[in-house]
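Numbering (the numbering used here), first residue to last: 6 to 337.
It is worth saying that the hints were derived from the structure and are not from the lab. No incorrect hints appear here.
Computed spacing ranges between beta-carbons, pair by pair:
| # | residue 1 | residue 2 | range |
| --- | --- | --- | --- |
| 1 | G286 | G248 | 29 to 39 Å |
| 2 | N253 | V230 | 24 to 34 Å |
| 3 | N300 | N12 | 42 to 52 Å |
| 4 | R318 | S155 | 31 to 41 Å |
| 5 | G286 | K164 | 52 to 62 Å |
| 6 | K219 | V172 | 23 to 33 Å |
| 7 | K194 | K164 | 15 to 25 Å |
| 8 | G248 | A272 | 22 to 32 Å |
| 9 | V231 | T181 | 42 to 52 Å |
| 10 | R284 | D43 | 22 to 32 Å |
| 11 | K219 | L287 | 16 to 26 Å |
| 12 | V172 | Q224 | 24 to 34 Å |
Below are the DSS-like pairs computed for lysine-lysine, each with C-alpha atoms no more than 27 Å apart in a straight line:
| # | residue 1 | residue 2 |
| --- | --- | --- |
| 13 | K168 | K199 |
| 14 | K85 | K320 |
| 15 | K324 | K312 |
| 16 | K270 | K219 |
| 17 | K320 | K76 |
| 18 | K320 | K306 |
| 19 | K297 | K281 |
| 20 | K54 | K156 |
| 21 | K85 | K194 |
| 22 | K194 | K156 |
| 23 | K194 | K76 |
| 24 | K324 | K194 |
Keep in mind the model is a prediction, meaning the values are calculated, not measured. The C-beta atom is built at its ideal place from N, Cα and C for all residues, glycine as well.
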Amino acid sequence: MALDLENTDTAVILGQGNVALDVARILLRPASELAATDIADHALDALYKSSIRRVYLVGRRGPVQAACTTKELREILSVKNLNIHIKESDLLKSAADEEELKSSRIRRRVYELLSKAAASPHSYSISGQHELYFVFYRRPDRFLLSNDESKVGGISFEKTSLKEDVVSGKQYAAGTGQFEDLEAGLVLKSIGYKSVPVEGLPFDEQRGVVPNVKGRVLQSKADQVVLENGLYVVGWLKRGPTGIIATNLYCAEETVGSILEDLGKGALSPSMDPPKQGRDGLLQLLEDRGIKYVNFSGWEKIDLKEKTEGNLRNKPRAKLTDWDELLRVANG
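Model the full structure from these sequences, guided by the hints.
In structure tokens:
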């Protein structure tokens, strides 16, 4: 998707999770620094031409509930020539906030980093200064058109306040009926992800996951725990949209461990008649359906090609972004 980064100096990002912070960091970090990374050429070219100087990270709740982790927050706070703006009034904590901080070390560290950033002195004299605004207690109400009505020109927000859910005890954002507009030529959303049901599988609508025990899928029986024989789940469909890439690795290892354990116990044998063909069966299925795929040796060729090209340009790798070229290299 091509984004217009040249005709506006202001971007709004809806959300304050790790992905939102990563997007803001890429928009605000000097393109000359990104040139030494493995960022794709077309993206780097767009960032060199970018006019974005001001980014707003907007969340429905407060800094105590910010969904990011300390590593990603530190990375954006360390961007060169970047002024961080956080209202001191937004950092005020309620008794309920204090309880949340007591129960989560990550939230405490995130809150401490935000408080430290808010207290840091600002400098407006540096050429090429960029601005990052953390905006709390706002939820989007509607998009606003540009003056010529050809694209987005801003967004209208409703101010929120935190209320406590009497059932869960958690704080949620409730609208106050007060609104304010923010002009921006680019609006991006990073407000999380929720899995959808897969036909034939049990599904927890509230949590957006397939019920499971260590990756073993549970049947939809409220009165007892019954496992679906030979059926497993992994990733966000297993645990919800949380964590980073490493979290997915641990999640996959747990499910694979369950599979190996069940194989060792012979728990999979009764329903596997005739026995499944495994990898050979999968490859045959892909061939029957005419699906192009890349095996591990093909991936190794792609990996070598990207690293070789990157080395010539003082980069970790030069990414291949064209599907046909990827297949050509993999099959070469």
